[in-house]
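Residue numbers (my numbering), protein chains in the order written: chain A, 1 to 211; chain B, 1001 to 1386.
Hints are computed from structural coordinates only; laboratory data are not their basis.
Computed from a prediction, not measured in an experiment: that's the story for all the values here.
Beta carbons are placed, not taken as given, at the ideal position from N, Cα and C, and that holds for glycine.
One or more of the hints may lead you astray.
Pair ranges (Cβ atoms, derived) [what the hints assert, rightly or not]:
| hint | chain 1 | residue 1 | chain 2 | residue 2 | range |
| --- | --- | --- | --- | --- | --- |
| 1 | B | Glu1246 | A | Gln141 | 53 to 61 Å |
| 2 | B | Glu1339 | A | Asp40 | 41 to 49 Å |
| 3 | A | Glu152 | B | Val1037 | 28 to 36 Å |
| 4 | A | Phe149 | B | Glu1268 | 35 to 43 Å |
If you only want the chain B side, here are some residues facing chain A, beta carbon under 8 Å, derived [unchecked claim]:
| hint | residue |
| --- | --- |
| 5 | Ser1041 |
| 6 | Leu1051 |
| 7 | Asp1055 |
| 8 | Gly1072 |
| 9 | Gln1073 |
| 10 | Val1074 |
| 11 | Val1136 |
| 12 | Pro1138 |
| 13 | Cys1153 |
| 14 | Gly1154 |
| 15 | Asp1158 |
| 16 | Ile1166 |
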Amino acid sequence: MTMTQRPLRILLIDANAVRAAILEEGLREAGTEQGGDYGDLAVHHIRDDAKLLPRIAEIDPDVILIDLENPSRDTLEQMFQVSRLARRPIAMFVDKSDSATVQAAIDAGVSAYIVDGLRKERVKSILDVTISRFHAFDRLQTELSQAKFALEERKVVDQAKAILMKQRNLSEEDAYVLLRRTAMNQNRKIADLARSLVAAAALLEPGSRDG
Amino acid sequence: MVERVSAAFVPLVDCAVLVAARELGFAKAEGIELELVKEPSWASLRDHLNLGYVDCAHALGPLPIASTLGVGQVHAEQIVPFVLSRGGTAITVSTRLADEMRAAVPGRALDTPAEAGGALAAALRARSAPATLGMVFPFSSHNFDLRYWLASCGVHPDRDVRLVAIPPPLMVESLRAGHVDGFCVGEPWNSVAAAAGLGEIVATKSQLFPHSVEKVLSVRAPLEGRLDQLGPLLRALAAAAEWCDEPVNRPELAARLSRTEYLGTPAEIVEAALGGLLLGVARSRAGADFLRFHGGAANVPQPEDALWIYAQMVRWGQLARSAAARATVLRVFRSDLLERCVGSSAAQPARPLVAFDGIAFDGRDVDGYLARFDIQTRFVAPGSDA
């Protein structure tokens, strides 16, 4: 099989299974949508644990994608340096011919190793997909953590309301109104005020004192 | 006006000069707001430096040379105007391997690199499978020091052992997990391994190659138009380096370095490392010169420093020897800039570089120097069959 006929092999090294799945899907979509040159992509995914080099030699990738801040990159680069693999991949950064893509890749936290001789436009299309999928993963994570944060805030406001209802003998609605008014007067967020209230109540509760 | 300068670093005791420059006002005194960016790996540090995400970096001496030559990475020209440290690294073996070494040469004190190396060679011969040793990057003095020591004791680093690169902060964990049987790394990571009872320190860089270059300040080339910015930075670093070298300042320096944003290791370990007091290593062995930041014109990047790195790259097959490569290497290490910017101190002749086995390095005759070694690895151009 000659190099031009075999599918372009992309190896993704990522311990994060969710991000790997998102990227893999993106690369496959790009492969089938664009047809022609890009219609023939083979995407492999491995976690960055032991036995990296034998796996890489076995897959013989044209492009390796890995998180820019993955500490395994030093191990990877040393393996490439000492290995007698005929096709030795090299980190693609600082290719001045396309600094915009490289800049975008660094911003997204993507690093790529490319074997010599691969055409620039192929690399660019793969990188573009990778960058957008890394961003998509980041957004997903942000949304998840925001959702988690919102849930935590609601819980603490509920706790604060319960404390007020019990101690000041208020209805749930009145407890909330009191919380909101106090927060506004003190120029604080309701959740922050609720947190202080819950913490103070815990301190004053009988049995919580030391000694 | 305050100039903002950002510097990337990897958590190691030898980033002390940058930390002191920021924390103790040496940068501010030169009108610089010095921002330090912690990196998880040398590859990441290099990429951030090459692409201008940071203005300069705490770099392994051979890294800007390999980068400028385009060996093992994309060609990106760098300049080294300042040496941040000399010495400061060591070789540690697992307690198991240390026991094997003692068993291999009963009754011998393993208190010199030659004795320890001989014991290691004997212990490795007695093993059924090759040992795995960690170092930090293919283009590092750690890789070259470890290889030199092994080869000098009859162990071929590319045939008799397996070398792997591991970022410094992960080294101790790799030893604990049994991924490596030993390593060459900068402090405090040898001391951390020794303090945890996981390994024994068997040799230091200050023994293997006294006062040899370790970390350098690397900046992107060309410098034209940026000398105005570089001058104040070099003055700040020279003042910080002088302060770091003073034994009386070690407790304060250790306290700053041990903070989580820098090393995140106990201050007493950092302070001991600064003073060359390594656990299990007699003071006479590590020597008072374990780690040097300033004295003896330590900050001047000498042509001999660069040529030594060139010679090691050739010896271990990373590079084909050529007059062009030699000339390039000499362009990276600039011995003139510090004198130009700081004025004084610089013009001192370099001390001869003599290894622990008595072999002196002579930059004028690299070929003659390399001809002395039986153990070498032939250069193979990438992509060629061999």
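Of the hints stated earlier, which fail here? 1, 2, 7, 13 and 14
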